[in-house]
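For the record, the sequence lines run as chains A and B. Everything in the first sequence is counted per my numbering, starting at 15 for the first residue and increasing by one. Everything in the second sequence is counted per my numbering, starting at 76 for the first residue and increasing by one.
Calculated from the structure, these hints are not laboratory results. Keep in mind that this is a model prediction, so the values were computed, not measured. Possibly wrong hints are sitting among the right ones.
Unchecked claim - Covered stretches of chain A (in silico footprint by chain B; criterion: 3 or more residues with CB under 8 Å from a CB of chain B, positions within the stretch not fixed):
no., stretch
1, 66 to 79
2, 95 to 103
3, 159 to 167
Stated by the list, open to error - Which residues of chain A face chain B? A few of them, derived with a C-beta cut under 10 Å, are:
no., residue
4, 21
5, 23
6, 40
7, 43
8, 46
9, 49
10, 83
11, 87
12, 110
13, 127
14, 175
15, 176
16, 177
17, 185
18, 195
Stated by the list, open to error - Restraint ranges, calculated between C-beta atoms of paired labels, are given here:
no., chain 1, residue 1, chain 2, residue 2, range
19, A, 184, B, 381, 45 to 51 Å
20, B, 268, A, 31, 49 to 55 Å
21, A, 217, B, 273, 50 to 56 Å
Glycine included, each C-beta is placed from N, C-alpha and C at the ideal position.
These are the residues of each chain, in order.
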Amino acid sequence: MPATTKTNFQLFTNGILNENPIFRLALSMCPAVGISTTVMNGIMLGIAVLFVQVFSSCTISLIKNYIHPRIRIPTYTLTIATWVTVIDLVLAAFLPAAYKEMGIFVKLIVAFAIITMRLEIFACKNSVTSSFWDGVGMGLGFMFGMMAIGFVRELLGMGTILGHDVLGFRPLLFFVLPAAGFFCVGIMMAMFNYVELVYNRKKRAEKR
Amino acid sequence: MIFSVRKSIYLTVLLIISLFLLGGCRSEHPFVKKTAFKDADKILIEFAGAVDESWARNPANYTVFEKPDPDIRLIIKDISISADHKKVTLIFEDDLNKNQPHILTAANISHGGKSLGSAILNVKKFYLGYLFSILIGAMIINNFVFTKYLGLCVFFGTSQRKSTAVGMGITFTMVMVASAMISWFIYQFILQPYRLDFLQIVVFIGLVSLSVQAVDTVLRKVNPVLFKAFGVYLVLVIANCIIIAVPLILADNQYNAWESLMLSLGAGLGFLIALFLMSSVRERLELANVPPTYRGLPIAFVLAGLFALAFLGFSGMSIF
């Protein structure tokens with residue numbers, strides 16, 4: 015693939031809408047199921063992923079001309095691992111409460127497929143600026159996905175949003191259960207598919 | 076002939092190493108013969124000789140806590156001592172959680188008026204039973220896929236066919252055990268003594284990639300038939316979060332070699348079980364009439380949710 019011709023804004027929105035990591039690419043599902051019980055968790059892990067994604071994208075795109083193609087995957091892995099270590103230590107030092115809530119998932123960012131994938135198909139072929147915007151878009155897309163799932167689960171499960179009582183009662187306590195993460199993601203994916211189906215049908219009807 | 080001699084030497088060395096490692100689990104003070112749990116709320120200490128009754132009956136001489144929570148001291152209600160003054164039984168206010176190893180400190184053990192120094196003792200259940208409970212715990216009770224939600228990308232990717240699922244599961248178990256043991260060794264003997272704990276993520280992910288490469292090379296030379304069957308799944312193993320989560324859990328909990336082996340084996344077999352269950356259902360699902368919006372991943376997620384609910388039934392179960 016030659017260097018991208020998209021503008022920075024297109025790269026930015028690409029990650030949030032067209033190639034949303036959670037709903038469209040279906041990558042990095044573990045945190046989407048595991049710790050999406052509240053909106054706050056989604057925001058925190060989203061920020062961590064955003065930083066790791068942006069920093070590693072920029073690093074790889076800076077040194078792309080010096081990486082031998084045969085060792086590119088180990089290089090990506092080590093770059094990501096370094097940045098994850100940095101984020102892990104920073105969070106543990108400055109936000110210990112949130113860090114405890116997320117548990118092992120911060121360290122597991124290193125194994126998220128989405129980050130390696132972006133480095134492989136985008137950052138190693140494009141300029142630093144493009145990679146930066148692509149990273150920001152992907153990170154924010156991940157964060158919005160996590161927040162959307164967290165929003166549904168928190169609202170339906172506990173009747174709260176960001177800890178504030180909104181509904182005053184608990185509609186479906188079931189959604190707080192850890193196992194409900196699977197149902198929630200599955201049903202939301204089906205909803206996205208449905209919207210896409212209806213949209214395509216309309217488009218086809220307009221063409222005629 | 077030469078090969079068998081060499082094999083037996085390897086076996087002997089392995090046996091000696093394992094005995095040495097198991098030996099580390101026995102009582103730590105020369106005067107203490109044995110410690111054990113008794114009934115629901117008692118700990119029995121057996122000494123090599125008679126201890127002074129006045130010392131043994133003083134609750135201030137003992138501190139007991141569960142290994143993970145050193146701040147929470149367990150309260151001793153009563154102490155009984157046998158007729159020959161060799162066995163002391165501590166009776167606690169509450170029932171003990173026997174799944175956790177307990178640390179018992181006996182201060183200034185007194186024998187015939189002389190102090191023999193303090194002893195820090197590890198009270199554990201029957202050791203093999205404890206190891207077995209770690210294995211079953213990682214495999215079923217705390218199944219990594221259905222109760223910890225790890226390794227989902229690979230789980231959904233390879234659970235479409237039973238043959239793929241079994242191949243992936245077996246490959247994963249092999250790599251899991253190999254890489255977890257290497258990481259355990261590196262963490263215990265290199266990272267910790269030199270205070271390099273903060274490098275654990277970088278080191279563990281590097282070790283995982285290395286061991287995948289090593290298994291690839293070894294399998295290709297030693298057993299080409301097996302390599303043909305399982306080689307394709309090796310690449311996918313790296314993308315699985317469980318393989319990096321297990322070394323991190325081992326490092327956090329300070330497990331010893333046997334416990335690490337059991338946990339990694341349990342994690343691998345648990346993944347195999349999860350894949351097999353899921354693939355059996357998904358094969359049948361192909362014949363079912365699924366609504367078009369739910370085809371593919373969404374229905375697989377709902378299915379996994381049902382499995383997770385079923386696995387919730389195992390929670391809180393304890394063996395031995």
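Comparing the hints with the structure gives:
no.	hint	in the structure
1	66 to 79	violated (count 0)
2	95 to 103	holds (count 6)
3	159 to 167	violated (count 0)
4	21	violated (31 Å)
5	23	violated (30 Å)
6	40	holds (6 Å)
7	43	holds (4 Å)
8	46	holds (8 Å)
9	49	holds (8 Å)
10	83	violated (17 Å)
11	87	holds (8 Å)
12	110	violated (16 Å)
13	127	holds (5 Å)
14	175	violated (23 Å)
15	176	violated (23 Å)
16	177	violated (23 Å)
17	185	violated (18 Å)
18	195	holds (7 Å)
19	184/A x 381/B: 45 to 51 Å	violated (23 Å)
20	268/B x 31/A: 49 to 55 Å	holds (50 Å)
21	217/A x 273/B: 50 to 56 Å	holds (53 Å)
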